[in-house]
Every structure is written in structure tokens, then in C-alpha cells.
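Work out the full structure, taking the sequences as your base and the hints as a guide.
So you can see what is in the structure, the chains are spelled out below.
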Amino acid sequence: MILARVSMRNLLRHPWQSILSIVGIALGVAVVIAIDLTNESARRAFKLSNQMVAGQATHHIIGGPSGLDETLYRDLRVEHGIRGAWPVVEGRLRLPDHDGQRFTVIGVDPFAQTSHSAIHRSTRGLSPTELLSVHNAALLADDSARRLGLTIPGELRVHGAKGDHRLRVTATVSSDNALENQALRAVVITDISTAQVVTGNVGRLTRIDLELNDPATVTRVRGLLPPGAELAGSAARGNALQQMTRAFEVNLTALSLLALVVGMFLIYNTMTVSVLQRHRQIATLRTLGVGDRELFASVALEALTLGALGVVAGIGVGIVLSHQLLGLVAQTINDLYFRLDVKQVSVSAWSLAKGIALGIGATVVAALAPALEASRVPPQITYTRSGQESAARGSVGRLAWFAIVPCVAAAVLLLLPGGSLYAGFTGLFFAIFGFALLTPALLLLIVRLAHPWLARTLGLIGRMAARGVTESLSRTRVTIAALAVAVSATVGVGIMISSFRTTVEHWLVNYLRADLYVSASGSANGVDPGLIRRVSQLPGVKSITTARWTNLDGAAGRTQLFVLDAQSEAFENFQFKDGDAASAWPRFKDRDAVIVSEPYAYHHRRGVGDTVVLRTDRGAREFEVAGVFYDYGSDRGVVALHRDTYDRHWSDPAISSFAVYLDAGIDADDFAATLQDGVLDGTELTLRSNRQLRALSMDIFDRTFAITNVLRVLTVVIAVIGIFSALMSIQLERGREFAVLRANGFTPRQLWALVTTETGLLGLAAGVLALPLGLFLALALIFVINRRSFGWTMQVWLTPEHFVLGLVLAVAAGLLAGIYPALRLARTPPSFALRHE
Amino acid sequence: MNRPLRSLYRWTALTAALFIIACADRDAGGAQPAQSVVGTLSPVNTDGFRKALAPAAFTFPRDHGTHPEFKTEWWYFTGNLGTADGRRFGYQLTLFRVAVTPAPPASASAWATNQTYMAHFAVTDVAGDEFYYDERFARGALGLAGVRAAPFRAWLEDWRVSAATGAAVRGCDGCLNLRISAGNDAAAVALFLTSTKPAARHGDNGLSQKSATPGNASYYYSLTRLATEGTIEVDGQTHAVTGQSWFDHEWSTSALEDAQAGWDWFSLQLSGQAELMLFRLRARDPADADFVSGSYVAPDGRVSRLRPGDFAIEVLNSWTSPATGVAYPGQWRIRIPRRRLVLDVTPLIRRQELNSAFRYWEGAVSATGRHRERPISGAGYVELTGYH
Amino acid sequence: MSMTDGDPVIELSDVHKIYPDAQRERTVLRGINATFRRGEFVAILGRSGSGKSTLLNLLGGIDLPSGGDIRFNGLSIANLNERRRTLFRREHVGFVFQFFNLIPTLTVFENLLFTLDLNGVDRARAQRRVEELLSRLGLSDRGDSFPDRLSGGEQQRIAVARAVAHRPSLVLADEPTGNLDRDTEREVLALLREMPKRDDTTVIAATHSPEVAGCADRVMRLQDGTLDGAQS
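Protein sequence lines, in the order shown, are assigned to chains Z, C and G.
Going by the numbering used here, the letters in the first sequence line up with residues 1 to 837, in that order.
Going by the numbering used here, the letters in the second sequence line up with residues 1 to 388, in that order.
Going by the numbering used here, the letters in the third sequence line up with residues 1 to 232, in that order.
Careful, some of the hints might be misleading.
[To be verified] Which stretches of chain G does chain Z cover? Using the computed rule of at least three CB atoms under 8 Å from a CB of chain Z, they are:
hint, segment
1, 69-78
2, 94-101
[Said to hold, decoys possible] Short, incomplete list of chain C residues facing chain Z, as computed with Cβ under 10 Å:
hint, residue
3, F60
4, T113
5, T165
6, A212
7, V234
Read the hints as simulated data drawn from the structure, not as lab findings.
A virtual CB, placed ideally from N, CA and C, is assigned to each residue, including glycine.
In C-alpha cells form, the structure reads like this:
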């Protein structure tokens, strides 16, 4: 149909606008796809590594902090004839000869299954017998061996429990499935006996995997378990673990959607401007008998064409971007949640489909209003632009009133107690939407306020610029809103991050009071108690507290335990949100009471006086909560208990770290040097001063937000493209008007001043509007989103730099957008522009 | 299985399957796992193990237990059983032990061992024309599998043979009263075995030569007649059965020459309370002579050694397994001229092939013939290895 | 030519048009009665703001009368809904505007093809028709040009051709020569007289040009919201 040609040629006629729209939507889609692919890759890597170790297991038996007694496995097989059971010993190793890379050792019993059908020809060079007959035989993935430069058979020095062990790599394995290879890339497989020795878990199993296919057997197995062991469905367990990262993922997704929303504004604006520009043409079409539906369709088609091109470009950019983001996401997951080895983006069709659907959907939604507008253009032969603008100004009030609806919705979603994280984000988006509706009214207000000032400082040009802004409202309001939203997002997120950061810094100062911290990094069996005794006898040591960090895995997920062998003064390092140190201490010390961190309390809805159930070595048991303390180390929460309590209920003497308090007057650095050379030399223990540990914590904090910052910047980039595109099209559209000015004696310089004043004014307006919204977003992020995601309370720290930066950013965007049209207009001879209208 | 590494376990499971053979089979490149148990007995990697060089006086119950200084060892239970209404069954439960290295590894872990076990279990349901078999593997550590001399217990997980109450039979050398319990989803046995004859030492007072080479021999004795009663469960139905079982215990380090292809082994319980054990180690080259040996156990328990020339085994026909395409002998005629004994040995059903990690045919047979011109019958088991 | 020559195409009876203005109502047309017949060329003269365009909008079904009735071949177009009026326009009416109003993003050829396309004329026939029109205009070589490469006179000639391309019953021309010099005006006027004639199309031209009035079959004057009919 020829009408379609009209649409397409419109796009070609304004290539700049079209390309910028495409870029805008492409970036929006790219960010969404990149985040989704990244999340998806992390999830898949997790699932895969879970699958790799679980095999066909339907269930797992998991024990306490020290795992399971290996005789449980024997009893299951020998006494109870449970056939589908596989023992697993898992642990972390360091490769001292390869930059200390960390590998997971998985110890298996090759006899645990009778099936011999799984002989794979691809596992070339494999001599499985050697896994048992060769001392410390080990298998590596092909890739790993190549990466480590190992010849097979070859020796691999690993550092595990009680020092170094030499593994004999007798064969490599490879899979023609890239994902499986990926899951194996930092894994070394040994016989279970070897794994027990090198991880220091002789007599213990990490877990027993089971393939149980009928409910009766499940019940039977459950009945056979000793206290302290638990049977968990493997899917449920994997899910529970994965749930840990959910809030993190949701936050990233929401940020990526914000980028898309800004991209949506862009499409909306392009289409609106395009419809307005073509008002007369559309009226002609209507007169010639083009129906409203056809017009609607043709505008929608234009938008869809832009959207489709944007989506196609967005997919490509998204995939590239996801490779960049993956490292950041993986880093955070590793820092905060669990070990995850993911180096490869798995491009899933589903992620791409979601991105495409969102991109097209966003385009359609954004094009709805302009398409409707086009279909409503009356077939009047006469037409004036000023009429349009006065109509736009007329609707300002209506829009402002209509803003009440999303604002109320936002308030309900954000303020209603007990709301979900999703509700929080929906509320946030409603608030942004409501704000966008208010933008025109606020914009008018700002310009009106700025008018006298502009007139005074810039004279005629100032007045003209102010009027230019009001006159072009119908074309600028959405762009301004988009810029304001993007800038406010960056202001809001900035305030949130710096508030969070400051809160954590303050917390750390109080929390880390000891002078030196020594920790056993890696999974080796911790700090030798004899060593601690030796340290405690060193002159200058006032006291020592030991700590044990461990996880209780269960069907319902993972609980992090923090076992503290503290005296009452060390206990005072905790800052209590609920309860107080003085009353909590006696119960904590002697009465089996625990204290829980704020996120734990939040997620599990526990407070002082409530109880938490923990699976001890002698079965599940209730523990009283004596206090809720501030803690920013784990967003899932921590249960802290006294070493005595722990020893009463768990048989796990391991110590993860200890803190050294020095006598007054002892120089911590000097002492650290003595300690390092005298006691710690040759051990795997890491010594950090109070200051170093704080710096390390802040490093991790900053790493966590690295991806957030990337997304922030991308959103602003999209918005700047938007404002650039919109302002440029407006200015170019006014060629005739400017030609008249030029003809009447305006110098190019004056014209330049007029245009940049106008666009700068628009940028400024956006910036000014962005500040309150930014503050609002910051508060919503701090008090609603972060709380609902992680349960953290943080203090709001407002510093001017975020506001100033937002303002500068907005004005700069406006000025930047004015430069090109100003230059072009100033260079165009007035006669040319006059002739070509 | 076109997806390699479907799971780590599936993948490592092959270790067990290849375990027993792989030491011997490494030269073959591993592309084709050895199809016969021959590999087990091949004289490879036997340095450091003890060999059966001279006759040794067996002492029971001690020698019912393991001899870990030898590379391989097995405890073999077979039996022909029947229900009151004449439905016939055969069963086999074997525990194989293979040491991967001569010495146990030095390790703090209870899982560390040089001893590995494999168990085979089979039930022949003559009426149902069904043959059920299963195999399992375990290491000889942590109590997962093992053999204990007294009170006797041989087990791999929950397949086990253990001394029954009141086990020691006074005055009967090496006699055992046993309880066998094994099975899977398809078939299971629960049997009580009572020795009725003392241990029969084969070969030269228990030293059973497998070739002319010294040391290429095993220590070998049998309990040739164990009265058996209990239940057999097949196809979801439990049958009360009675009959006779046979127990072999043999240990060695190297027993087959390169020139030997495999063996045919016969255990027959004859109607006159006598038993016959015969084996033939087949030469690869038809021009070479097979190595044959055997024992005749008289009703009173006295053992006569059967030497080459004392007996002849004639294959009457053959049977090709539809599952594997391997052709096995299908019927035999055994002649012991000096004892004026002629026996035709016929499998109860043809399909008694174990297509397991190593493939062989082991099945319940019946025998009919004439002894000193009088009709004689018998039942027993035949094992055929090394057929391709 | 007599006004009794053709059948009536459009009949107006007591047509009023009142615009609701901010303060008070503004009556533009007050009780117009008129009949336009097949094939005739009618010029409507009137001063700027006299309501000429309004009258044309009503005739073309673009706007609705505040009172009275407009019948097109006996069918009351005032009673049609928006969609039906659009379809009516598409099929039966051609427009010539003062400012040409060609679609700038379509070539000359495509501009002519446009109304045919809208009316669902099959592509081959439509193309033949456009070629025929172009050759009649003597612009066969400009088919691939975009309108902005054409002179005003050329554009308006194309506009006339576009108005008659689909052989409508009625061509409405609003100051068709208002933007043209005298020589060009004559050229366009000749076309406007000649082209619709072939299909017996009625032309109603709103104008204040005596040239246009001079070649009309009938001249009517719009003054103070009423139409005074006068025969040429």
C-alpha cells in the first residue's frame, strides 16, 4: 500500500531522528537483554554446577557444619539396601603453582553405581582404574589441563588441609557440551579417599546424593537419618540456594527496565514530534479519504519499524554488553552469595525472545499515543502550529491532575507495610510515570520563574528563548521528562549508594574493633587451635576472640552461622537494632540464646523474644533470639551464637578466624610484622589489620555496585541521545522562523545564543525537575527497595555533589543538543531556509 | 548414550566396570573393554603378589576368608533348587575380589583400599524360561564389601552370605551352615545352606594347576553338596524351594597363559551322592592341547584327582546368544572311562548368559547318563568363558 | 449549458453552520439552499472569511452542518458517521487545495496513484491511469520526481490530476489558483475545466479570482452566510 510508503519515506526523510530513536531503543533493549543474559548465565552456571555434582540425584542428605559421618552411607547401602546413593566429598583447593587459583575438588566413589553403559569414548586417554590404584589420582577437564599447562599424566600441587598435597592427574575429561565443560573448568575429580584427605575431612562426607524414585523410599530414607542430617529434594535445595541471589537479580532487572523506559520515552517523543510536524500532511491524507484506522496503523508501523531495527541492533549490542557485565555480576555473586564459576555467556533464545518482546512491546506502547493523535487529526484544510501548542498547554493541567492516579498508586505500593519487592519496584515505576505527567506543568512553572531572570540577563534573546520553550512544549515535554527521569535515577542511585557506603563505613568502624584479624581463607579446616594459643601468649596481646563462619544447609535454604568465642567487651562491638548488649549478653553466653542480623530478622520476621530453629547435630532445636544487630556483611542474614552454645549442639571444633586485641601502647603494625614472621610464616593464614580489613570490605562494597554504576551511565546515555534527538528536530523544524530572524538582522552569533539558551534552559529545567525526583528515588531505594530486597536499614547521607552532578549533567545534555542545530542554522543562508518551506 | 558426561557419576561409574579388567587390558587401548574374565587372570601387573606355587594345608575356618596377598579371589555359590510341585530354579551368587595393588595404600581415609569387589547374582527360572542377572561393585573398605572368615560373612552391600546360627558343624572339615540373601527388583533369593560333605581340595591337595607353568595355579576347594532350602522370588512371586548348592572358593595371582582362550568349567552333583568337578582351559591354537583337570568326590567325601586322559569332554552342539551373537557350546558328553561314567550335560535353559562387565555363560544344567551300566542323573552348573 | 442539463449531484437545504467561539457563537452559514448538477463547473465567490472553505468542508463531508441537510445523490451525508464519511470522500470526492498539498514523501507518480490505491483499484489499471494522466499533463518525465522538485504550477496540475484520478463525482477546489501567477493560473484552470468534464464530474471551486469565475458554468456568491445563485 502506498500509505506504507509514506510512512517509510517519513523515516528516511528524518534520518537523524530515526537513527537516534533506533539507537535509543537499541540501547534500552541491549541493557535489558544484557542483564537478562547475564542473570540467566549465572543461573545456568549455577544450575549446571549443581547438576554436575548432583548427577541424576533427586535428593541429598546434608549434615551440619562438619558434614555427615561416612558410616551413614555404609549403613544406607549395606544395612538398608538403598542403592541409588552416592557419597560426595567436596572442598576448595588452592593451586599454589598457578597463581593460587582456586579449584573445587569433588571426591566420588566410582563403585557407587553399577551402570557400565556410560562409557564415553570422548573421555580419551582415560584409565579409570588409576583413580583408585594410583596414589592421589585425579582427573581434570581438558580445558583446565590446557589452561594450567599440564601434561598428562602430570603432577598438580594443591593446597588444602594441612598443607600441600600432590595430585597425580592421570587423565582429562571433556564433553562436547560447552556448558558442561564450563561447569568442569575449575573442578578436579578424585577418589573419595583422596578428597577426604586433601580437604581434611577424613571420616566425613559433604553430602550423600540420592536417586529416590518412589515416595515410600523417600520416607524410609528420612526415617533412617541420624539427628543433624536432613533429606532435601535436590531441585528444592538448588532453588533455595538460588533464591539468595534473587533480590540482587531483581534489582538489576529493574535498573535495566528503567533504561528501556527511558528508551520508550525516546520513541514516544520521536513519534509525537513526527506526528506534530506532519499535521498538515496528515490532514491532507484525511481529506483524501484516508481513515483514522489507516492513519493509526501507519504511525504505528513507523514506530514499529524503528522499534524493530532498534531491537535487532539491541540484541547484538546486548550480547556484547552481557560479556562485559558478566564479570561484574559473577564477582558480586562470588563476593556476597556463593562460589560460582561462570565465565561464559550462554545466549538463551528465551532471553532474546524476552528482550525482543519487551522492545517491541515498549515501542508499541510508546507509539500508542502519537498514533492515536495522528488518527484524530481532523481533515481540516487549514492548520496552524500555534493552535497545536495552545492545545498542548491546555492539556498540561489535565495531565497534572491525571498524575494523581499513578502517584497514589505509587504511594500505596511503596508505603504499604509488608509489600513485596516487586510491589516496591512497580511503585517506583508508577512514581516515575506520575512524575512524567507532572513534568509539563512543572516545566511551565520553571520557565515562568526563569523568565524575568532570563530577560534581565540576556535581554531579548532570553525572552525569546523562554517563550521558545513554552511554545515548543508539545514537542519537548516528553524529552524533558525522559531526561529528568534518567538524571533523577542517577542522582537517586548515587545518593543511595553513597548513603549505603557511608552507613557501612560507620558500621565497620564500630564493628571492627580488634587490632588484627587472622583468617583461614579457603575451605581448609581452619585455624590450628595450638597456633591461637601461641599467639595469645605473645607479649602485648590483650585478648583473642575466635570466630567460626559456617553454613547450615537445609531443605529450606541456607543459614549462615557466625560462632563467636567472645568476651563481653567484644560482644559490645555489635550494634543492636532490637535489644541491647547488656541484657542480651548473659543469655547469649550461657542460655543458648542467639542474636540475628537485621536482614535475617527481616527475611524471617523475627525479633527479640522469638525463636529460630536450627538443625543441630542432635536434631532441630529452637533458639531464643536475644537481639537483632546491624550487619551489612550478608544480605540473607546471619545467626550469631556463642562458641559454648555451638559446642553444646554441634561437634565442629573448627575455627575460621581470630581477632587479636592488643594492649594499649602496642603498635599494631609492628606487632603484625612480628606475628607474620614469627607465627604465621608458612601457614595459609591471612593476617589483616583493622584498617586493611575495612579497606577490603569497602572494596567488595564498591565491586558490588560496579554494575549498578554501569547501568546508571547507560541510562543517562540513552536519555542524552533522546534529548539530543528531540531538541535537534525541534530546532531544525524552526528553520524558517530563524531564517526570518536572520533576514531581519539577527547575527549568526545571536541565533546561536538563542538556540543554545533555549536548549540549555530545557536541560536546566530537566535538571531542576530531576533533583526532587532523584531525592525521592533515593529515599524509595533506601527505605523501600533495599529494605525489601535485603532488609538493611541505612542512614540517608545527603551530599551536594549528587545534586550538582545531576544538574550539570542535564544542562550539559541540553547545551550539547543545541550545539549542532545552532551551528547548522547559523551556517545556513536565510534565503535558503525561506525558500524551502 | 550420545551425551558424554551426562553426570559425573555415570561417568565415573565406568571405573568400576572396567576396574577388574583394565589392568590387564590397558594395552588393548581401552577402546573395547575386555569381554571375558580371561583378562582378570592374565599375567599382567602381578608383581608383588603372592603366587600359588606349592600345595598349602588349608585351615578352616581361616581359609574361608580372604587372601589379600593374592590378586584375585572368588567365592562362588550355585545351586539347583525346586519347588514341591517340581518347578525348577537355578541360582548363582558370586563375590569376586581383585586387588589393584599388592599393598594397601597409606591413607588416613577409611575409603582408601587396594581391594575391590564385584558380585554377580543370577536366577534361572526354568518354567518361566527367564534368566535374571545383576552385578554390583564396591570397594573392600568401610564395610561396603568384604569377606570375613569366622563367623563367615561375605557381602557386597546388601547381597550377603553369612554364617547361620549354630553354624560350625563339628567334625566336618570346612563345613559351613550359611544364609544367603541377595536380589534386586526382578529376582531375589533367601536361602539356608547346610554342608553335608567336608571341603573337597582340588588338584594337588588344593593347588589347582592351570597350566604347566609353575605358579600359574590357584588354591581351590569346594563344598560340593550343601542342602538348601528357602525362597526364590521372581516376577513378584515367592516360591518355597529346596535343593542342593555348591560352593567354590579359589584364589590366585595368575592363572591363564597367553595361549589360553578361556575355560569350560563343570560342577555336577550326581544321583549317587557323588560329585564331579571338571575344567578345561582351552588353547587358543587348536593345534595345542587343552589343559584339563578335575575331581571326583565320592559319596563318602574322598576326592580323586582326574588328570588329562582320565576324562573327555565332547561338545554336542552349540548355541548362539541372540543378545550378543556369541556362540557357546550348547550340550556336552562327558566320559570318564575308568569309572565307566558317561554323562550328557544339558542346560536347563539356553539363555543363561551374563552380559555384564565381562561376559560369560553360567547356567544351571542337568545331566543324564550311565554309571557302571546303570542310569544316573545329576544337576549342576557350567561356566563358559572366553567365547567371542 | 443549462442547469437543467444534468441530474442533481448535491442538494443543500437550509444548511447552517455555527462555530461555538469562546464568548459567543459565530454563524458562518445561515440557511443555504442550493443544487449542484452532474458535470457542471460552479464557482463560489466570496471575500476572505465569508465561509467559502466552510462550505467546501461541508460539501466534502469533512465537517458537519449545524443544521439543515446535505444530500449526495439522495444520500444524506450529514447522517453518516466519521468512517462512512471518510469512505464517501475517498470514493466520490476529489480535492484541489490552494497550497497544492501533495504528499511530500511520495513521488509525483505515487501521489497520483494514491487515491486509486485507496479505492482499491488494481495495480496495473491504476498505473495505466496514472500514466495516462501524466501524459495528458505533459509531465510524463516527472513521474519519479518528488513534489518539492516541481514548480508551483506543475504541483497544482498534479493536484488537479490527483483530484480526478479516481473519477470522483465531485471535485472541490479551494482557491485552486490562489498561489499561482497569471499564466500558470490559466493553465491550471484549463485543466480544471477540461479534466473533470470527461467523466461528467461536478467541480465546485471556491475563489475570489475573476479568472476562475469567468470560466465557470455558474457563479454563486457567498455573502453574509447566504448563497446567491447566478447563472453564467
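Point to revise | Which numbered hints fail | key: 1, 3, 5, 6 and 7
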